[in-house]
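Next come the chains, spelled out residue by residue.
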Amino acid sequence: MTPDPPERALLGVASVGKSFAGIPVLQDVSFTADRGEILMLVGENGAGKSTLKNILSGLIAPDSGAVHFAGRTLAALSPADADRLGIGTIHQELSLFENLSVAENIHLPRLPQRFGRVDRKRMEAQSRAVLQDRLGAAIDPWTPVEELSLGERQMVEIAKAIHRSSSLLILDEPTTCLSLPERARLFDAVRRLRDHRYAIIYITHFMEEVYELADRITVLRDGRVVGGGTPRDMPQEALMRRMVGRDLAELTTVPAAVADDAPVMLEVDRLGDGVAVHEVSFCLHAGEILGLAGLMGAGRSEVAELLVGLRHGEGRVTLAGRAFVERSPRMALERGLVLVSEDRRRDQAFLNRAVRENLSAAMLPVVASGPLGLLALDRERQAAEQAAMTFHVDHPGLEAFMLALSGGNQQKAIVGRWLQRAPRVCILDEPTKGVDIGARAEMHRLIREQAAAGVAFLLISSDLPEMMALAHRVLVLHKGRIVGALSRAEAEAHRILALASTGRVS
Amino acid sequence: MSGRWRPLTRVGAQVWSLVAVLALVSVGFASLSDRFADLDNLRNVLLQAAPTMIGAVGMTLVIAARGIDLSIGAIANLALALALLGAGTRSEAALATDTTWLVYPIAIASGLALGTLNAVATNVLRLSALITTLGTLTLYRGLGLHITAAGLIAVRGPILAFGRAQLWGIGVPVFAAVLMAVAGWVFLSETPTGRRLLAVGGSPRSAVETGLRTERLLVVAYAASGLCGAIAGLILVGRVGVVNPDLGYGMEFTVITAVVLGGTSLFGGRASMFGTVLASLLLTTIDNGMTLIGADPYAYDVVRGVILLIAVSADAASAHMRSRRSPVIPELRA
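Chains as they are written, first to last, in our numbering: chain D, 1 to 506; chain G, 1 to 334.
Think of the hints as simulated: they come from the structure by calculation, not from any bench.
Check the hints yourself; a few may be wrong.
[Unchecked claim] Some chain G residues well away from chain D (every beta-carbon gap over 12 Å; in silico):
#1 Leu22
#2 Ala23
#3 Ala64
#4 Gly86
#5 Leu117
#6 Gly135
#7 Tyr249
#8 Ile293
#9 Arg304
[To be verified] To be clear about the criterion: a stretch of chain G counts as covered by chain D if any three or more of its residues have a C-beta under 8 Å from a C-beta of chain D, and this derived list gives those stretches:
#10 182 to 192
#11 206 to 214
Where a beta carbon is used, it is the ideal one built from N, C-alpha and C, also for glycine.
Take these sequences, add in the hints, and give me the full structure.
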């Protein structure tokens with residue numbers, strides 16, 4: 001297939017490059033999108049899809065290259081340009097006003113007015129036109145958004161983008177919070193918009209969505225376009241290979257098998273809090289990585305909180321053969337159960353303190369010595385050095401500020417801080433959220449190594465490739481209940497997804 | 001949910017409970033003091049409530065946009081000091097400073113300018129409004145005291161006209177307060193700018209992504225608050241005939257209490273102008289009644305503090321209820 005020269009298509013992205021803090025996230029990216037077609041922009045997390053989307057919606061300016069739109073050439077777009085050119089964007093995170101009505105959300109910032117007053121009649125009519133005629137969604141325009149379900153909110157977000165755009169619509173992972181029927185309705189709407197001569201850029205990494213919708217595919221990896229073509233040119237396997245690239249090895253790496261006689265480290269019997277978690281039972285062996293999958297809000301983090309006593313509930317927990325009754329974070333730590341939560345990582349980096357202090361923070365009672373309990377700096381340094389080595393923390397020097405470390409290394413330092421206490425069971429909640437591909441791979445290596453050394457891991461992750469790469473078994477939670485336990489061989493993305501979103505195997 | 005437009009400035013349960021409390025308090029004071037239900041006293045309550053109410057109208061806009069203006073009382077003080085500086089003459093022999101009609105435009109322009117400065121400072125410094133207006137509170141008050149040499153200045157002439165004028169036996173400031181409240185209500189619920197202000201208060205992040213000009217909208221809110229501060233100052237000076245160093249002292253406390261008690265959420269995005277009016281009236285009634293029954297003056301502060309805590313707790317509780325109702329955004333990346 002020979003793509004149009006970028007000047008001729010509705011949208012032509014020509015050699016666009018962008019770096020953040022010296023790290024290139026987009027390099028020499030070129031592609032086109034034309035009216036009446038759906039372009040699938042696919043790539044892994046961190047491939048640069050979101051940066052590209054932000055450039056096209058005018059939120060950030062590229063460092064190099066140009067954007068051609070409807071015969072004009074722009075070095076950068078502003079949000080006002082995007083607005084004027086009729087480019088609508090649906091961001092992954094909803095940008096709605098919960099306190100306002102659906103109609104107001106669709107129309108802001110330009111509310112129709114008559115004689116200086118808001119023209120409610122027109123607002124209502126236009127909202128109905130978009131919601132019902134274009135999207136086929138039965139949502140009342142005057143309902144406050146706070147009363148809508150997530151799927152309905154997503155529809156409102158889409159309605160808002162359609163209302164503002166006239167030529168190009170960019171959808172960034174729009175199905176992440178949709179149920180299966182809602183997803184089908186969205187696909188209908190997208191196809192209908194294509195037939196209305198919209199150009200559509202659809203960002204995703206769900207394979208089945210790619211082949212259900214695509215007219216053309218462009219693949220991004222590590223900030224570069226690494227392939228493209230029609231779905232027929234690019235069967236799924238070829239696409240996967242392009243997408244994953246050097247990380248293909250990761251997918252095929254099998255974690256060290258759990259010994260048959262590995263002792264049970266954690267046994268959970270009918271754990272629940274009556275609200276978010278119901279009758280969760282499982283057991284976890286030494287050296288095993290057990291994945292806990294589910295939509296957010298399914299109760300995954302709540303299970304972790306119940307286990308360490310941050311949340312109160314009923315159920316029996318047995319830790320290394322002994323009942324764990326009086327559950328509290330402090331007791332959990334003493335008994336060798338640590339939780340490294342998402343918040344903990346974000347909140348626990350002392351950015352303007354030395355790497356040494358960050359690494360030793362959980363070890364202070366051990367490092368402190370003498371009758372007065374004073375810190376022994378040399379012992380602290382030794383411990384920190386040891387930890388940096390064990391947990392692969394690259395640092396410019398132990399006395400450097402934590403701030404000098406890359407995000408991935410900060411993350412490893414904090415996970416390492418807790419692993420140093422040689423826990424029996426370690427619960428990791430979203431361990432690689434927001435880190436780049438390299439740091440993610442490093443973190444995976446760390447987890448595998450520690451598991452091989454006998455630590456039992458409960459891994460909570462929304463990142464399915466991560467789950468499939470690491471876990472020996474995967475439990476799927478749906479509305480606080482375990483609806484499936486999949487072995488490594490059974491744990492395929494579509495099966496986990498179906499279980500997580502419907503509670504059943506489809 | 002029925003298909004009807006529902007205003008955000010809604011008359012909800014909060015308003016009815018305020019009406020009930022106001023009635024209860026009034027009956028209580030009337031039984032404790034025979035002077036409370038006196039027609040003169042009721043007129044007086046309305047007049048006393050006017051500056052609080054006007055200040056609270058401006059503050060409602062600021063809080064609806066998820067801001068706060070601690071400097072409103074200091075603006076009342078400095079705007080009046082500037083008005084005297086620009087339109088007051090002090091003859092050697094006379095005891096009082098003579099004023100011209102120019103005090104009104106000067107005070108109003110000063111209020112608008114000082115409020116705008118608050119918004120600009122918050123926008124430029126990117127600090128929380130709590131901190132910036134705490135700074136300007138001290139700054140404005142200091143400047144005001146510097147101009148008036150921290151002394152009592154007796155005034156006469158047109159500056160007194162507004163605060164003392166009456167219409168059908170009721171003080172003109174009362175009408176002004178009602179007018180301001182109606183204007184504020186129309187602004188918030190009927191105009192596009194008002195809706196946008198509520199949007200910014202509801203979700204500042206969404207506001208940016210939607211292309212709302214957040215900074216300009218904040219200027220509108222804070223300028224309105226400054227304007228209301230200056231008008232409240234004019235009323236207070238008109239009533240006592242003196243510009244004193246204490247002018248506007250503690251006004252922010254009463255006004256913020258009134259706004260939150262009235263049902264406007266400190267978390268932004270929800271405002272009740274009618275509630276603001278009722279709560280201002282309630283707070284004034286309590287002040288007035290306690291004076292009449294001869295309560296210890298220090299008890300006022302205790303009562304006001306307790307009321308503020310109750311109002312803030314109710315606000316936080318209802319915000320918590322809302323956040324529990326609203327679903328968490330799920331995500332599952334494959």
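How the hints compare with the structure:
Non-interface status of Leu22/G relative to chain D is upheld: no Cβ of that chain comes within 12 Å, the nearest being about 27 Å off. Listed as a non-interface residue, Ala23/G keeps its Cβ farther than 12 Å from every Cβ of chain D; the least gap is roughly 30 Å. The beta carbon of Ala64/G is not kept farther than 12 Å from every beta carbon of chain D, the shortest such distance being approximately 10 Å. For Gly86/G, the requirement that its beta carbon stay farther than 12 Å from each beta carbon of chain D is met, with the minimum near 33 Å.
Listed as outside the interface, Leu117/G is consistent with that label: its C-beta sits roughly 25 Å from the nearest C-beta of chain D, beyond the 12 Å cut-off. At the 12 Å boundary, the C-beta of Gly135/G stays outside the reach of chain D, the nearest C-beta of that chain being 25 Å off. At roughly 34 Å from the closest C-beta of chain D, the C-beta of Tyr249/G stays outside 12 Å, upholding its exclusion from the interface. Interface exclusion of Ile293/G from chain D stands, the closest Cβ pair being 41 Å apart, more than 12 Å.
The Cβ of Arg304/G lies farther than 12 Å from every Cβ of chain D, with a closest approach of about 29 Å, so its non-interface assignment holds. Look at the segment 182 to 192 of chain G against chain D: 3 of its residues bring a Cβ nearer than 8 Å to a Cβ of that chain, three or more, so the hint holds. For the segment 206 to 214 of chain G, the stated coverage by chain D holds: 7 residues have a C-beta nearer than 8 Å to a C-beta of that chain, and at least 3 were required.
Consistency note: the structure conflicts with earlier hint 3 alone.
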